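Enquirer: Let the hints inform the model, and build the full structure from the sequences given.
Number of protein chains: 2
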Amino acid sequence: MRKSYVRASLALLISAQLIFAATATRAQNAAPQTTPAAALEGFTPADSAVERALEDRFRAIPKPESAREHLRQLTKEPHVAGTREDYQTALYVRDRMREYGISAELKEYQVLLPYPKAPTVLELVAPRRERLSLQEAAIPEDPTSASRKIIPLFNGYSASGDVTAPLVYVNYGLPEDYAALKKLNVDPKGKIVIARYGRSFRGVKARVAEEHGAAGVIIYSDPADDGYAKGDVYPKGPWRPETSGQRGSVQYLFIHPGDPLTPGAPAVPGTPRLTREQATNLPKLPVQPISYGDARKLLEPLRGQVRPAGFQGGLPFAYHVGGTQDVRVHLKTDMEFKTTTIWNVVGRVEGGEERDRWIVLGNHRDAWTFGAVDPNSGTTAMLELARGFGELTRQGWKPRRTIVLCSWDAEEQGLIGSTEWAEENAVELKEKAVAYLNMDAAVSGANFGASSVPSMWKLIRAAARDVRDPKTGKSVYQAWQDHVREDRPEAELTDESGTDEKIAEARIAALGSGSDYTPFLQHLGVPSLDMGFGGDYGVYHSAYDSFAWMSKFGDPQFVYHVAAAQIWGTVAMRLADASALPFDYADYADQIRDFVNETVKTARRRKLADSFDSQALLDVVSELGGQANRTKVMQTDLLAQIEHSKVSADDTHPRSIARLRKINDSLLAAERALTDARGLTGRPWYTHQIYAPGFYTGYAAQPLPDLRQAIEARNATNAREAARRIAEAIRRAAQVLKDGREG
Amino acid sequence: MRKSYVRASLALLISAQLIFAATATRAQNAAPQTTPAAALEGFTPADSAVERALEDRFRAIPKPESAREHLRQLTKEPHVAGTREDYQTALYVRDRMREYGISAELKEYQVLLPYPKAPTVLELVAPRRERLSLQEAAIPEDPTSASRKIIPLFNGYSASGDVTAPLVYVNYGLPEDYAALKKLNVDPKGKIVIARYGRSFRGVKARVAEEHGAAGVIIYSDPADDGYAKGDVYPKGPWRPETSGQRGSVQYLFIHPGDPLTPGAPAVPGTPRLTREQATNLPKLPVQPISYGDARKLLEPLRGQVRPAGFQGGLPFAYHVGGTQDVRVHLKTDMEFKTTTIWNVVGRVEGGEERDRWIVLGNHRDAWTFGAVDPNSGTTAMLELARGFGELTRQGWKPRRTIVLCSWDAEEQGLIGSTEWAEENAVELKEKAVAYLNMDAAVSGANFGASSVPSMWKLIRAAARDVRDPKTGKSVYQAWQDHVREDRPEAELTDESGTDEKIAEARIAALGSGSDYTPFLQHLGVPSLDMGFGGDYGVYHSAYDSFAWMSKFGDPQFVYHVAAAQIWGTVAMRLADASALPFDYADYADQIRDFVNETVKTARRRKLADSFDSQALLDVVSELGGQANRTKVMQTDLLAQIEHSKVSADDTHPRSIARLRKINDSLLAAERALTDARGLTGRPWYTHQIYAPGFYTGYAAQPLPDLRQAIEARNATNAREAARRIAEAIRRAAQVLKDGREG
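Taken in order, these protein sequences are the chains called A and B.
Under our numbering, the first residue of the first sequence carries the number 3, and numbering increases by one thereafter.
Under our numbering, the first residue of the second sequence carries the number 3, and numbering increases by one thereafter.
The hints are simulated quantities; they were obtained by calculation from the structure and are not laboratory data.
Be aware that a few hints might be false.
Treat identical chains as interchangeable: a pair holds within one or across any two.
Stated by the list, open to error - In silico DSSO-like pairs for lysine-lysine, Cα to Cα no more than 30 Å straight-line:
{"#": "1", "residue 1": "299", "residue 2": "238"}
{"#": "2", "residue 1": "191", "residue 2": "334"}
{"#": "3", "residue 1": "603", "residue 2": "185"}
{"#": "4", "residue 1": "664", "residue 2": "432"}
{"#": "5", "residue 1": "185", "residue 2": "473"}
{"#": "6", "residue 1": "119", "residue 2": "78"}
{"#": "7", "residue 1": "473", "residue 2": "460"}
{"#": "8", "residue 1": "191", "residue 2": "238"}
{"#": "9", "residue 1": "603", "residue 2": "340"}
{"#": "10", "residue 1": "184", "residue 2": "476"}
{"#": "11", "residue 1": "238", "residue 2": "185"}
{"#": "12", "residue 1": "151", "residue 2": "185"}
{"#": "13", "residue 1": "476", "residue 2": "119"}
{"#": "14", "residue 1": "554", "residue 2": "184"}
If you're wondering where the values come from, they're calculated on a predicted model, not measured in any experiment.
Expert: In structure tokens:
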């Protein structure tokens, strides 16, 4: 579902300017100081050598030709969740895993899914009558684009509706865009609004339109953001062509994701269900996506004021805001909401010493159309990874901890397969889950990117150092740094002192939402990451997200599919095998400190600096950092004792192992401690106090969500309460780390 | 010639980030502390009351209906310099001045002017053969646009040439654009380059292309910068329509402006002339401007790499850099270079006590087409001002100093009328000129803007406070502040401490080039300013810069023409009448300090910080600031003595007046002292050590020009020498102020 890591990183940079150079540099240098040279973090030197050899064997297994064949099979037909073709892909994934020697089962849920019942009618009524095609053209070079099974352009969970009204252009449909319109006395109430994709999750666009009384919403892909202004369009280039639109869910997943009728509970027989009217995460107005070819017909005749600053897009005329009777539009959507069976596939590699500690890997499998990039490049990576793990187990490998491989269904509609599974297994996951490792669109190009909780930054960077970048032959880590530097102007790379010592490492962004880590991190408090290789990807959620596109533009040699399997598997193996979990809560504390400082600046600008106790927050952050450092020191000592006891055959070994396991459990529990069962303001499903999708951004993370939201709403009372709860959560996490070292 | 004050301000902000909040605030508050309340700066309280009454009478005289009639007369026909129609406008201006009671004469020069001899041929040769029209369409709503006297689209001083070559798209044609192309292994040598207008003076585009070995240059108006992306196009809106191109000179005026054959000397009989081959400010390759309608036909078929970041414009396809044989172009220009008579008009209002001190006002009169905005809105303002001054003199006013009103010719080709006059009268001007007040395109909208030497910032702001903004009824000053604030985001308006105390005043930009102040300030060292009211002006140098455009968009009520006359006249009267010249060299010192600090930062980034003695520079700047403050104190004291002596009839009056005049002369001489007769590196005509047009920007100022240029070229030896000369100049200025107070 999520489009681009680069985009998420940028959003983060803009919204919070979080990760500063000094932190990153310190982080980079810390590893050699705290562990013996050449040892992997969390391993004794001896175990490290064994692990490295194992990982080398693993990384030699995934192959381009095998990856290519998976993708070809998975993308033969459109496979929207709940369809027969979707079921076929579930069987394909289950059977491949079994073939590779990994136990795998289907896991079903019955959830409410949306499908278009009749073709949407969208027509210009004035200044002339013209019905728009809403069809993505068949492209000869891309054989599957002519398939009659491709689902029409629609937005998942759009309401059914039939409205005729004047049209208002609302730019990206953000609250500030409506504020700009209000200054011009343009009222969207009762009108149909047309917004361009970008800058916020499409569900947010629907929600904000609804809050402003709109009668309907049209969302289009503007060529300035997603079309020819980015580069040559398909099939000449990888970018979105004139007739292409972006499907996608408009579920209000910032309130809660998953089945709309069973929030917080699994959609299985016996669970009581809400009615559709009672659901809180569904829009009440019709929403329809269109192409820029169609949008041009609506936008060009608009009158009213010429757009405010920032409203102009890439179509070749001056954009007007409309809102007058000059342009009237008829929008009729006819949706069917069906309780439908969906199929997750869950595979397991059983662990040895700690089989009740789980490393959970997840990728969704359902697609809006063929899903070559989104999500089946990730499914392909998972299958190649499974092939590798199966081969290693055949050779005798048994990981210390259990590895769970999840192929989710119905992610596109609202992270449904993952959410239902996480809700069903909440108690067990809270106890057992070490980490959740997500890969959605694993490959749309060659540029590595990642988002994660800060405790996993070092782990991701270390793994990226050990995987080869296919194009450059350098490490993925080095290629990633080089790419990020290329995009920055000179001034940012050298500071005023003329040195470049302070240059940051490539940033690892915060987790917002838009993929399946959300139930794990933000509902349950499981340390999570999301990663993949991005590129010039202009066919997102279109009929052209196809095997042909991937073969021509995304990864013609399928080598990045291999690299994706390698890095995902490397991270998983380290977490599965390490005696000491390599989670760094000092990085977490540094990151939270930056969030707090950034928030204080915003609060000062809004004259709300006194509304909450920022010093108390900074104090508990320091406490967390201190406890984290003491825990790291103890982990190092215990690993050294274990190494020594093996040599000297003394009797400290079992006791040291037991103490490490207790510390490991505290490292899981620390993330859980950052959740608060009372949930966030207005959205109790979200419990994490540090990370949540922004209410008005949707995809991008809003760090310290309740505090930021209170400050944005200029609500001093809420800000005080939010800061208090955040401080409590951080204090709990610090205490958990402390307790973990005792005994 | 110059398009927009707002643009110049932005360029300045970007290039130097000069005027900081604290300075501005201090400057704003300084006046009330150093002069008696309500007194105008430089006047005794008694004189101030007289002056205010006079100014009020003056400002009541300019009238919209009279302004409208001037503009109608001036814009009836195209009046390119050296044509019969140009001569008619000279007579119109001279005769109106005489009619108003102001003596006025024509002043002729014989200069080398360029005209198109035969229509330019521009045709696509591959991938298909198609000749481009190069015609601006007649628009029914704009009757003069059908005139057959409109000069074809051409660039003044383009060479004649006939080349057929592959086409390369070079973005704005800046040095960094060529550097980006070099990275892609695209070599413009022997090719025709196509650059878009903007970010640099068009002569710079020609020069940089020439330096890179291009065979020809096409310059077009991209709709992202100058077309529909800015707003509705003419005649629906004020912006550039599809067939419209931008004429304009490509003289290398950053080397020297004026007649190419008589640099540094007046183009009058008896002056020896260079041959055209000897001239140093003329391009050697053909250069042709085209519309975006025509440009689309050249750009759309381009192949080669998809543009680097920043190269994409507003046409509806992905821009490629070309440079391959896929697109070949034939360009044939046929120019005639004629030694031609041009006509300045010079009017005089003789001064009384100090008739040998001159306040020089200038506006050019020649236009590429009808010149409604550029320049005849300014000519109109000058005529209304002349009507006002004539009326005041009839009522008995005789200014203390002489006011000279100049209507320049051939500015469009290269500031020729003003440069020849300044060169002819150099000795007298160096002795007598108090200030040069320029107004080129006085009105294209309602947004006031100004550029000047820092010593006149307070004067401009004070005058703006005393003129009413026609649209809002507030002062021009207040409307100016409000407009600038509107364009800035919240974050810039409130600092992190949550207060807004440090918000800067609307900035007054540095003088670069592109209008007639250049010979006065940058060749002779006369304190200069340039100002006007800007707006949505999309018909610059096109067939649509017409009376119809002005009547529909620029100033339908002609009230801003009146406001322009009022503010210009107000500044002139204050300078003409003040006993103590209100020039503030403390502001100048603060500004230079910011320039130095900014330059030091750049030098550090380039590891050239040790190449020059920045502390020595900062020391002389402090010395200048200190002398300036002492001079201000003495002016205040002397004004108080004069006021007192009038009351007490003591005998100090004549002595105080004499001392003030000596100080006044030192304030003129201080600006002269900032020039260095040796000139700038590679361009001896430019003598000013603080201000010059940038070598690679052309319009925008490059402060501390030789030092900045040396640092950009990474030349440590030149940087040291430049810093030394700049420090010498500032020290001279400080000494001049000091000497002025003695005796």
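Enquirer: Each of the hints needs a verdict: does it hold here or not?
Expert: Hints versus structure:
Proximity of residue 299 and residue 238 under a CA criterion of 30 Å is satisfied in both settings, with 24 Å inside one chain copy and 19 Å between copies. Only within a single protomer do residue 191 and residue 334 lie at most 30 Å apart by alpha-carbon distance; the minimum there is 18 Å, versus 58 Å between protomers. For the identical chains of this complex, residue 603 and residue 185 are intra-copy neighbours only, at 27 Å inside a copy versus 40 Å across copies, given an alpha-carbon limit of 30 Å. For a Cα distance limit of 30 Å, the shortest separation of residue 664 from residue 432 inside one copy, 16 Å, qualifies, whereas the shortest one across copies, 87 Å, does not.
Taking the shortest Cα distances, residue 185 and residue 473 sit within 30 Å of each other only across copies (19 Å), while inside one copy they are farther apart (51 Å). In the homo-oligomer, the alpha carbons of residue 119 and residue 78 lie at most 30 Å apart inside one protomer (24 Å), although the nearest pairing across protomers, at 65 Å, exceeds that limit. Proximity of residue 473 and residue 460 under a CA criterion of 30 Å is satisfied intra-copy only: 24 Å inside one chain copy versus 60 Å between copies. With identical chains, the CA atoms of residue 191 and residue 238 are at most 30 Å apart between copies only, with a shortest distance of 28 Å across copies and 41 Å within one.
For a Cα distance limit of 30 Å, the shortest separation of residue 603 from residue 340 qualifies neither inside one copy, at 47 Å, nor across copies, at 64 Å. Proximity of residue 184 and residue 476 under a CA criterion of 30 Å is satisfied inter-copy only: 24 Å between copies versus 52 Å inside one chain copy. In the homo-oligomer, the alpha carbons of residue 238 and residue 185 lie at most 30 Å apart only across protomers (23 Å), although the nearest pairing inside one protomer, at 42 Å, exceeds that limit. In this assembly of identical chains, the alpha carbons of residue 151 and residue 185 never lie at most 30 Å apart, being 46 Å within a copy and 45 Å across copies at closest.
Within a single copy, residue 476 and residue 119 get their C-alpha atoms no closer than 51 Å, and across copies no closer than 60 Å, so neither meets the 30 Å cut-off. In this homomeric assembly, residue 554 and residue 184 come within 30 Å of each other (Cα to Cα) only across copies, at 27 Å, whereas the closest approach inside a single copy is 46 Å.
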